[in-house]
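S.K.: When you get a sec, could you build the whole thing from the sequences and use the hints?
One line per chain: the protein sequences are E and V, in this order. The numbering of the first sequence is our numbering, which starts it at 1 and goes up by one. The numbering of the second sequence is our numbering, which starts it at 1 and goes up by one.
Keep in mind that the hints are not guaranteed to be accurate.
It does not matter which identical chain is meant; a pair holds if it fits inside one copy or across any two.
[Claimed, not checked] Using 20 Å as the maximum straight-line C-alpha spacing, the simulated EDC-like pairs for lysine to aspartate or glutamate come out as follows: (1) Lys185 with Glu161; (2) Lys41 with Glu24; (3) Lys185 with Asp258; (4) Lys158 with Glu239; (5) Lys49 with Asp104; (6) Lys247 with Glu9; (7) Lys41 with Glu31; (8) Lys247 with Glu12; (9) Lys136 with Glu172.
Hints listed in this document are in silico derivations from the structure and should not be mistaken for laboratory results.
2 protein chains.
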Amino acid sequence: MDNRRITAEALERLSECDDSRLREVMTSVIEHVHEIVREVKPSMEEWRKAIDFLTDVGHWSDEKRQEFIILSDTLGVTMLVDAICHQMPEGATETTVLGPFFVDGAESFSYGANISKGRGGESTLVTGSVTGLDGKPIGKARLDVWQAGPDGFYDVQKPDEFAEGNLRGVFETTETGHFAFCTVKPAPYPVPTDGPVGRMLLATGRHAWRPAHLHFIITAAGFQSVTTHLFVAGSEYLEGDVVQAVKESLIVDFTECDDSEEAARFNLPVPYFKLDHQFVLSPIS
Amino acid sequence: MDNRRITAEALERLSECDDSRLREVMTSVIEHVHEIVREVKPSMEEWRKAIDFLTDVGHWSDEKRQEFIILSDTLGVTMLVDAICHQMPEGATETTVLGPFFVDGAESFSYGANISKGRGGESTLVTGSVTGLDGKPIGKARLDVWQAGPDGFYDVQKPDEFAEGNLRGVFETTETGHFAFCTVKPAPYPVPTDGPVGRMLLATGRHAWRPAHLHFIITAAGFQSVTTHLFVAGSEYLEGDVVQAVKESLIVDFTECDDSEEAARFNLPVPYFKLDHQFVLSPIS
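M.R.: In structure tokens:
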């Protein structure tokens, strides 16, 4: 049997699908997955290896570790979806990947709070504002913040070692659109390599590293929410980020400061690092 | 950024991959998965739904239930791999899907044994031979046999209800290349619909049914092993098998017999069904 008949038959099976969007998606998936098979001509053993790999990716995934997201991220798929979904107007803050370590329902903190909860590192003051495209401040915008520590680990990766919810928190902008929090400077880290995606990276001769960054999700009533990072200028791996997430506009300076008055106000040692950034949201059209 | 640059960058990351076959496979996978994204233009929510679907397929998979195989089967992927891998010479037994219910290490039985282990149903005698392309009998060929009962379930789907390993067994051909075993006539059944693939079938307006069949894996020293089915002629769903596995040459008659001498020899009631089939193996080239 001509093997294209098998593909035609698989597509015909969608003829009773009432959901036109789902039919569109499944048509594309079937056509391209069949095309991969025709190009690659897998042996049955290779097919079975693919089945086992995907199964393993599923087994490594739970609420705190999402290996399929890591797979999507490391194959450039997530950034492609991001590029297609988030065609932002000029001047708006650019988006990037969510990553696998976001935890919904993190603790809320007030202006200026320290989220390090005892994680050591180089003290850092993060300040900034959230505005609209017109520059007007947005009050009561919500910032979900999370990051790895100077050792490259997120709280959820070492629950026995670190205080719960450290380097993670929810902030709200003031009426003038400002926010501030204290933390420690993040460091580059590898995506988790102890699972199947790590094996894939190793087998394909790739490194697993990401440049140092802070994660943000910023939401405000009437505005498009933004999932993004701020990358530390000068960090290793800004070139070659394993998940291709770096955008020029998201690279920011962490400046060393010795303003003892400001340090005292935020209960920080001197010197400390400071990063100031303006996030710009687009209105919901 | 032009989104094709993201794809080009993802492919560049394979430049240090020493395993040329793996590079070939990953290149095809990245190109086509990115093409799906460009065609479908998923929202972030749809992307997340895809991640969750694949994760769920992984979570439903274990040693006894392989949901990724069911997914591959129901999208026609497995039969396409089969068509590409098994281009058999004229006259050789055709192959078809393994299915998700094969269990390695089933019990060995002697010629003529009954594998029903108390599962009720229409008694059936399966006889036949295994030969080479030249018609010469192959002795000591191994037949791994498994099937669903008349209720459409495999042993592993209802471990609390059925005796362990029923309707499953390993046989060896005699010196004259013959085999025989007693069982019950299989019935059509749906692939398992309680998991994510079942949800996919329902959402796309598809039925989940397979025509009645017996599974075989036949192996013999010096010959290519064959994974196949024998389908019951006249069974419902020979047209429209949910996994597209039916091939004309694999449809066989289950004839009603009243040969009381034969029945006595195999300890079967009269009347019984009988199926006789010659499997033809290709030499390893």
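S.K.: A separate judgement is required for each hint: does it hold in the structure or not?
M.R.: Comparing the hints with the structure gives:
Proximity of Lys185 and Glu161 under a CA criterion of 20 Å is satisfied intra-copy only: 19 Å inside one chain copy versus 59 Å between copies. For the identical chains of this complex, Lys41 and Glu24 are inter-copy neighbours only, at 11 Å across copies versus 26 Å inside a copy, given an alpha-carbon limit of 20 Å. Only within a single protomer do Lys185 and Asp258 lie at most 20 Å apart by alpha-carbon distance; the minimum there is 16 Å, versus 85 Å between protomers. Proximity of Lys158 and Glu239 under a CA criterion of 20 Å is satisfied in neither setting, with 28 Å inside one chain copy and 54 Å between copies.
For the identical chains of this complex, Lys49 and Asp104 are inter-copy neighbours only, at 17 Å across copies versus 34 Å inside a copy, given an alpha-carbon limit of 20 Å. Taking the shortest Cα distances, Lys247 and Glu9 sit within 20 Å of each other only across copies (14 Å), while inside one copy they are farther apart (43 Å). Taking CA atoms no more than 20 Å apart as the test, Lys41 paired with Glu31 passes in both settings, with 15 Å inside one copy and 16 Å between copies. Taking CA atoms no more than 20 Å apart as the test, Lys247 paired with Glu12 passes between copies only; the shortest distance there is 18 Å, against 42 Å inside one copy.
For a Cα distance limit of 20 Å, the shortest separation of Lys136 from Glu172 inside one copy, 16 Å, qualifies, whereas the shortest one across copies, 81 Å, does not.
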